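**Q** Letter 301 of the sequence shown, counting from 1, is numbered 301 in the working numbering, and no numbers are missing.
Bear in mind the hints are in silico, worked out from the structure with no lab data behind them. Quick caveat, the model's predicted, so the values are computed rather than measured. Treat the hints with caution; some may be incorrect.
[As the list claims (entries may be wrong)] Once the Cα atoms are required to be at most 30 Å apart in a straight line, the calculated DSS-like pairs of lysine-lysine come out as:
id, residue 1, residue 2
1, 75, 49
2, 160, 49
3, 160, 245
4, 160, 100
5, 141, 75
6, 160, 141
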Amino acid sequence: MTNALSRLLETRDWLLADGATGTNLFNMGLSSGEPPELWNADHPDRIAKLYSGAVEAGSDLFLTNTFGGNASRLKLHNAQSRVRELNRLAAEIGREVADKAGRPVIVAGSVGPTGDIFAPMGTLTHELAVEMFHEQAEGLKEGGADVLWVETISAPEEFKAAAEAARLAGMDWCGTMSFDTAGRTMMGVTSADLAALVEKLPNPPLAFGANCGVGAADLMRTILGFVAAGTERPVIAKGNAGIPKYHDGHIHYDGTPELMGDYACLARDAGATIIGGCCGTMPEHLRAMRAALETRPRGPRPTLEEISTKLGAFSSASDGTGDDPGAGRERRSRRRG
Numbered sequence: 001m002t003n004a005l006s007r008l009l010e011t012r013d014w015l016l017a018d019g020a021t022g023t024n025l026f027n028m029g030l031s032s033g034e035p036p037e038l039w040n041a042d043h044p045d046r047i048a049k050l051y052s053g054a055v056e057a058g059s060d061l062f063l064t065n066t067f068g069g070n071a072s073r074l075k076l077h078n079a080q081s082r083v084r085e086l087n088r089l090a091a092e093i094g095r096e097v098a099d100k101a102g103r104p105v106i107v108a109g110s111v112g113p114t115g116d117i118f119a120p121m122g123t124l125t126h127e128l129a130v131e132m133f134h135e136q137a138e139g140l141k142e143g144g145a146d147v148l149w150v151e152t153i154s155a156p157e158e159f160k161a162a163a164e165a166a167r168l169a170g171m172d173w174c175g176t177m178s179f180d181t182a183g184r185t186m187m188g189v190t191s192a193d194l195a196a197l198v199e200k201l202p203n204p205p206l207a208f209g210a211n212c213g214v215g216a217a218d219l220m221r222t223i224l225g226f227v228a229a230g231t232e233r234p235v236i237a238k239g240n241a242g243i244p245k246y247h248d249g250h251i252h253y254d255g256t257p258e259l260m261g262d263y264a265c266l267a268r269d270a271g272a273t274i275i276g277g278c279c280g281t282m283p284e285h286l287r288a289m290r291a292a293l294e295t296r297p298r299g300p301r302p303t304l305e306e307i308s309t310k311l312g313a314f315s316s317a318s319d320g321t322g323d324d325p326g327a328g329r330e331r332r333s334r335r336r337g
């Protein structure tokens, strides 16, 4: 495998990732509760349209439609025997789209959480998690993915298992966690914890960061936490398009393209290198983000006040790493390895 992402990072000081997968697929007819991974076989034209929408909007990198493509998640739909097939198909469709782009575009094999809880609270073991992630990684590798993209993780144990699976598959990888509970992941990990964890891994990711969570403002505060921890690794920012609101029977994200353009430049100025959107982020948001990044000059690192003024209020008083609202302060007792 050639390290296409590293080559691109060497020549650019920012890269635009893609936006939402689920939001876009729901707009194409995906039903609530229907596993989107089955569309890799049943509706490859729609998956190609999903990928192409990001590329045409200016994304340098897009994620495959494989977020729930592990055996544990697919078992809920009696599709656990199709892990390798569905991941391979998703990557193959992506490879075809990327190769027609006329410029370097990275196919990132999405690897989401297993949905299981680790022992002793749950039944998941390190060995089982590695096995599931490795099976998924081999399918993505077969299909031509450039890199594995581990995302929306909340437990450090699952992050470590995904890292080992990437090593077994011989693939480069990136990894993001979702910080959605007062600056922490569901399992209590802070931005400082993740920055420390990454450096202790035998095969650290090419880049790491945060995705999803609450809103763009909260995610920005987490990005400042990574930078304050002193990391020299490229940081990923992949925030939601505003805050979800329930309207007429469906979820709508209130972030405008203009707001996401502001977010993209704030993320760049805060120290993020790979910048994209998560839930609710559509091609029109990506176009605005690309235009903003290309036309607005780089500025000083934003303050928390500047972030909240442009992107909206934070959902909690603290980012989880200290006893005050400042970013990057560590609560030593919560450090994880």
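**Q** Against the earlier hints, flag every one the structure doesn't satisfy and list their numbers going up.
**A** 2, 3 and 4
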